[in-house]
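*Asks:* Here is what each chain is made of, one letter per residue.
2 protein chains.
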Amino acid sequence: MKSLDHLYTQLTRPTSAKLVLLVLDGLGDLAGKEEGYLTPLEAASTPHLDDLTQDSALGRMNPVAPGITPGNGPGQLGLFGYDPVEYQIGRGVIEALGLGLELKPGDLAARANFCTLDADGIVSDRRAGRIDSNHCERLCALLSEQIKRIDDIDVIFRSGRGHRFVVVFRGPGLDGPLTDSDPHCDGRSVGRVEPVQADCEGAKKAVAILAKFNERALSILASDSKANGVLMRGIAARPNLPTFEERYRLRASALAVHPLYQGLGQLVGMRTEHGLEGIESQFRRYLDTYEKYDYFFIHYRYTGIFGAEGQFEAKKKAIEDLDAALPVLLSKRPDVLAITGDHSSPCLVQGHSWHPQPVLLNSPFSGSDKLDRFTETTANLGSLGVFDAKYLIRLMQANARMLGKFGA
Amino acid sequence: MKSLDHLYTQLTRPTSAKLVLLVLDGLGDLAGKEEGYLTPLEAASTPHLDDLTQDSALGRMNPVAPGITPGNGPGQLGLFGYDPVEYQIGRGVIEALGLGLELKPGDLAARANFCTLDADGIVSDRRAGRIDSNHCERLCALLSEQIKRIDDIDVIFRSGRGHRFVVVFRGPGLDGPLTDSDPHCDGRSVGRVEPVQADCEGAKKAVAILAKFNERALSILASDSKANGVLMRGIAARPNLPTFEERYRLRASALAVHPLYQGLGQLVGMRTEHGLEGIESQFRRYLDTYEKYDYFFIHYRYTGIFGAEGQFEAKKKAIEDLDAALPVLLSKRPDVLAITGDHSSPCLVQGHSWHPQPVLLNSPFSGSDKLDRFTETTANLGSLGVFDAKYLIRLMQANARMLGKFGA
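Protein chains in written order, with this note's numbering: chain A, 2 to 409; chain B, 2 to 409.
Heads up, a few of these hints could be off.
In this list, chains with the same sequence are indistinguishable; a pair is considered to hold if it fits within one copy or across any two.
To be verified - Derived pair list, reagent style EDC-like, types lysine to aspartate or glutamate, alpha-carbon separation capped at 20 Å:
| no. | residue 1 | residue 2 |
| --- | --- | --- |
| 1 | Lys-34 | Asp-51 |
| 2 | Lys-227 | Asp-370 |
| 3 | Lys-318 | Asp-370 |
| 4 | Lys-406 | Glu-87 |
| 5 | Lys-34 | Glu-103 |
| 6 | Lys-105 | Asp-52 |
| 7 | Lys-371 | Glu-43 |
| 8 | Lys-34 | Asp-52 |
| 9 | Lys-34 | Glu-310 |
| 10 | Lys-205 | Asp-389 |
| 11 | Lys-371 | Glu-35 |
| 12 | Lys-406 | Asp-181 |
| 13 | Lys-371 | Asp-119 |
| 14 | Lys-149 | Glu-321 |
| 15 | Lys-34 | Glu-246 |
| 16 | Lys-371 | Asp-56 |
| 17 | Lys-149 | Glu-202 |
| 18 | Lys-406 | Glu-310 |
Bear in mind the hints are in silico, worked out from the structure with no lab data behind them.
In isolation and in its complexed conformation, chain A is listed as follows:
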């Protein structure tokens, strides 16, 4: 893969083309008996997608590899052309991005939650009696005020839902991953945080900082009857990814409403836009910033939410809403437009799945597969076949005439 990546880089040349990746979160679904053998995409009325399909190439993509169900991070990285097995993102980092924290190179992030410790230091309740988000926010504010810095490391807090929060450690020489302090069940003592790779100097420093952090946090929380301890999981450094611009020679913009997708874009060096309120505003921002960027990642969230909840009608409606807004995007038609999911979230599965998501690729050079609709079933018949998602960006580059001829 490394050498093929190198070849792609060698062949890449900038052009003036505009490329758009439109991701309908969790788009792919299953045709099952229950819904008359229709998927939400098949059941939906999608006149604008249908029009586009006429002049497009279709196919399906494995998000990672056959049978593998990706989390949001690996699913999205694959679409950005980064092999998700080669470039893995720690859970703490995903959580931090999801709560809207901008991570800098070298940052170490941990998922954390408040817990209840008994007099002997045993975890009697991993969720601190499921304290509510307000309580959690107050405790985070308290910690934030009293633990701003440990040695040469800044400490940043962000509260989440219920008992959950995130801690980011920022400063020189830190690295991960570290083992969890969360014992993952009640009745045990808090785990020792250790480097996952024994010879990692940065992880050793991180262990020392986290020990001091824990000591200070315990003394600050001592007066809280429920939430008197902190457990940490998925402690990992922000991965050092080659930027999108380095890899593809594309100035890229992430137009996402949910902070996680803004954050995933930032991880590969995309600029993020703020103040977006829904798919139409995202499309309008594309129009407004058309000259500033070459590549626009537009993330639509609702298909994924309703798929994960198993709500067929709502997922179908979310697709129809997207379709209705599509003319805004197409009013300034990008040279290359790819429409797909970051993974499938079939209503039947009520969560992410391994099923290949359908993909539509439209450009003056995409050709037409002469299919009249964009669905899972028609995508099976397309000229793109079934391929790994990490190649989508290369097909987009080719359609943008950005990849020169290989060899003579």
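Got chain A; can you put chain B on it based on the hints?
*Replies:* Structure of chain B alone, referenced to chain A:
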């Protein structure tokens, strides 16, 4: 591939699901002018397969890689999820398994045949005048009686068809592969057996044992006018494969009539069932042992035999017989059912071929590709696309909900 394998292993968790791999040997075929552009699978009447197809995903699989025609070993290993290029099985081992010899770790197996040597020790007839199987069996019994052991190595004989037999060497410190003593044409002297890898200590010991074996065999056979010598080929150690249970956390059973397929199952640690007499009895044994295992490999032989003989009608009939027995299997429907071949054996080719075999995958989570029959041509339209056979087990695991989510 290694690291992807590692990822699959990390994600694997046991469930209570039952998985069945039903292999119709040499199933895939070609639609040619001679038979009205129908394959045997298309020409056959298969009401039960048709029913199943309605709720299944279809695709085609390369047994190894595009254009590669596999022997029985690589074809089957691929279906078991072992990369056939990484895990190679010596011919002596395949021959021993095919004759029903159970091989233990460390065993060294050789294909052998009786030959005629002239007074100068030159091979005058590599096949010893094509002696019949009875003659061969008598000679093997004679050798077996007089060569039970050489140093600390047990010697085991099993006669085959005509002049062919197998010798297994069992004891400490043996390894292969070794070069052939068979000169592969008449008029030459018997070849020197040597280690293929010069620095392999186990192979050096094996060479010494085989020299002693040859000396003793020659003196025992001296009185036979036709068969007074032994030639060996494909001398190889039983490969040390990670077991099916280690790799997939599945207790596996091989329900095969032919000893080779029982043996291939044993190589990956499957339990074998004996006393099976045909596909219906294999299906019944599945029902009877349903609780004992998680994965059942069921091998149906006749499609392969008739394909290799170019008998279109007989192959079609064999498919219809299988279809007629299918309700027995489906009376206790497995959670995941895959139906495919181990390779194609098109009537036109009269032997194994490289053409991708069709595959049907049925589970509550397979979705429906809305195809009404399971054939080579409909499989081209399926959501599974064309993929390498080694991924089938991973798709089966995913459909059994045995693979956790990758990343957050």
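*Asks:* Now look at each hint and say whether the structure bears it out.
*Replies:* Hint check:
For the identical chains of this complex, Lys-34 and Asp-51 are inter-copy neighbours only, at 16 Å across copies versus 24 Å inside a copy, given an alpha-carbon limit of 20 Å. Taking the shortest Cα distances, Lys-227 and Asp-370 never come within 20 Å of each other, neither inside one copy (61 Å) nor across copies (53 Å). In this assembly of identical chains, the alpha carbons of Lys-318 and Asp-370 never lie at most 20 Å apart, being 26 Å within a copy and 23 Å across copies at closest. Taking identical chains as interchangeable, the C-alpha atoms of Lys-406 and Glu-87 lie at most 20 Å apart only when they sit on different chains, with a minimum of 16 Å there against 27 Å within one chain.
Taking the shortest alpha-carbon separations for Lys-34 and Glu-103, neither the intra-copy value of 44 Å nor the inter-copy value of 46 Å comes in at or below 20 Å. For the homomeric pair Lys-105 and Asp-52, neither the shortest alpha-carbon distance inside one copy (43 Å) nor that between copies (56 Å) is at most 20 Å. Taking identical chains as interchangeable, the C-alpha atoms of Lys-371 and Glu-43 lie at most 20 Å apart whether they share a chain (17 Å) or sit on different chains (12 Å). Proximity of Lys-34 and Asp-52 under a CA criterion of 20 Å is satisfied inter-copy only: 13 Å between copies versus 28 Å inside one chain copy.
Taking identical chains as interchangeable, the C-alpha atoms of Lys-34 and Glu-310 lie at most 20 Å apart only when both belong to the same chain, with a minimum of 19 Å there against 41 Å between chains. Proximity of Lys-205 and Asp-389 under a CA criterion of 20 Å is satisfied in neither setting, with 37 Å inside one chain copy and 43 Å between copies. For the identical chains of this complex, Lys-371 and Glu-35 are inter-copy neighbours only, at 14 Å across copies versus 29 Å inside a copy, given an alpha-carbon limit of 20 Å. Proximity of Lys-406 and Asp-181 under a CA criterion of 20 Å is satisfied inter-copy only: 19 Å between copies versus 49 Å inside one chain copy.
Taking the closest pair of Cα atoms, Lys-371 and Asp-119 never come within 20 Å of each other, the shortest separation being 67 Å inside a single copy and 58 Å across copies. In the homo-oligomer, the alpha carbons of Lys-149 and Glu-321 never lie at most 20 Å apart, since the shortest distance is 48 Å inside one protomer and 75 Å across protomers. Proximity of Lys-34 to Glu-246 under the C-alpha cut-off of 20 Å is found in neither arrangement, the shortest distances being 45 Å within a copy and 34 Å between copies. Only within a single protomer do Lys-371 and Asp-56 lie at most 20 Å apart by alpha-carbon distance; the minimum there is 7 Å, versus 24 Å between protomers.
In this assembly of identical chains, Lys-149 and Glu-202 lie within 20 Å of each other by CA distance neither inside one copy nor across copies; the values are 23 Å within and 60 Å between. In this homomeric assembly, Lys-406 and Glu-310 come within 20 Å of each other (Cα to Cα) only across copies, at 17 Å, whereas the closest approach inside a single copy is 46 Å.
In terms of the numbered hints stated before, the structure departs from hints 2, 3, 5, 6, 10, 13, 14, 15, 17, listed from lowest to highest.
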